[in-house]
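Given the coordinates of chain V, work out where chain H should sit on it, guided by the hints.
In order, the protein sequence lines correspond to chains V and H. Quick note: the first sequence uses my numbering, first residue 1, plus one each step. Quick note: the second sequence uses my numbering, first residue 1, plus one each step.
Accuracy of the hints is not assured; some may be wrong.
Cross-link-like lysine-lysine pairs, in silico, DSSO-like; alpha carbons within 27 Å at most [what the hints assert, rightly or not]: (1) H:K18 <-> V:K69; (2) H:K22 <-> H:K9; (3) H:K40 <-> H:K53; (4) H:K40 <-> V:K113; (5) V:K49 <-> V:K109; (6) V:K58 <-> V:K113; (7) V:K49 <-> H:K38; (8) H:K38 <-> V:K113; (9) H:K22 <-> H:K40; (10) V:K109 <-> H:K36; (11) V:K109 <-> V:K58; (12) H:K38 <-> V:K109.
No wet-lab data here; the hints were simulated from the structure.
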Amino acid sequence: AQSVTQLDSQVPVFEEAPVELRCNYSSSVSVYLFWYVQYPNQGLQLLLKYLSGSTLVKGINGFEAEFNKSQTSFHLRKPSVHISDTAEYFCAVRRDYNFNKFYFGSGTKLNVKP
Amino acid sequence: DTEVTQTPKHLVMGMTNKKSLKCEQHMGHRAMYWYKQKAKKPPELMFVYSYEKLSINESVPSRFSPECPNSSLLNLHLHALQPEDSALYLCASSQASDRMPEAFFGQGTRLTVV
Chain V
1 AQSVTQLDSQ VPVFEEAPVE LRCNYSSSVS VYLFWYVQYP NQGLQLLLKY LSGSTLVKGI
61 NGFEAEFNKS QTSFHLRKPS VHISDTAEYF CAVRRDYNFN KFYFGSGTKL NVKP
Chain H
1 DTEVTQTPKH LVMGMTNKKS LKCEQHMGHR AMYWYKQKAK KPPELMFVYS YEKLSINESV
61 PSRFSPECPN SSLLNLHLHA LQPEDSALYL CASSQASDRM PEAFFGQGTR LTVV
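Extracted from the complex, chain V is given alone in its bound form:
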């Protein structure tokens, strides 16, 4: 079975500062990796995904993530955050496209302060 660990439940950061949200996963097989963002009282929106190939993936809203197979990590980064980035961020994995189950991390609340 897969599991996903988000090491930080909350990350406070000042506006225009860089941020990294950490995600580690455990799996004995190759997986698909995702980052989702959730604003209050809304659904989850896909930020970016890693399927294969280049380990650096770029997503929406200036976010990017790096897949590190040896460390089984998929950390999310943004070089300069905005107040509007304040939200809950979830890392997720899916084993393969024939297996209809997504495993979510516990979430990281990004709190951007002015």
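Same frame as chain V, but now just chain H:
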């Protein structure tokens, strides 16, 4: 069209009521999901339908009854709920594709049981 549409957005129901949540997608996805999300927690998988057949039931109480009338629609029938069932209920869909394995989420139904 990459939308998953959920209705209603908000629902207040008594413990003796019967109500239904509805979800619709027109992306041709053959897997559809119901998740339950409590405040400050990740989405918790309830049910998965694959090709209109129930493929995963995560030991959900029988007061929740899913239904998939066709490949675009997913319902969740609610009966005799408890106050602890109050939560955000999210519908999602995905396809069996190695190029687009991500889940697309609706905006959710905020359910309050009184």
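Hints, one by one, checked against the model:
{"no.": "1", "hint": "H:K18 <-> V:K69", "result": "violated (48 Å)"}
{"no.": "2", "hint": "H:K22 <-> H:K9", "result": "holds (10 Å)"}
{"no.": "3", "hint": "H:K40 <-> H:K53", "result": "violated (31 Å)"}
{"no.": "4", "hint": "H:K40 <-> V:K113", "result": "holds (19 Å)"}
{"no.": "5", "hint": "V:K49 <-> V:K109", "result": "holds (19 Å)"}
{"no.": "6", "hint": "V:K58 <-> V:K113", "result": "holds (24 Å)"}
{"no.": "7", "hint": "V:K49 <-> H:K38", "result": "holds (25 Å)"}
{"no.": "8", "hint": "H:K38 <-> V:K113", "result": "holds (25 Å)"}
{"no.": "9", "hint": "H:K22 <-> H:K40", "result": "holds (24 Å)"}
{"no.": "10", "hint": "V:K109 <-> H:K36", "result": "holds (19 Å)"}
{"no.": "11", "hint": "V:K109 <-> V:K58", "result": "holds (21 Å)"}
{"no.": "12", "hint": "H:K38 <-> V:K109", "result": "holds (15 Å)"}
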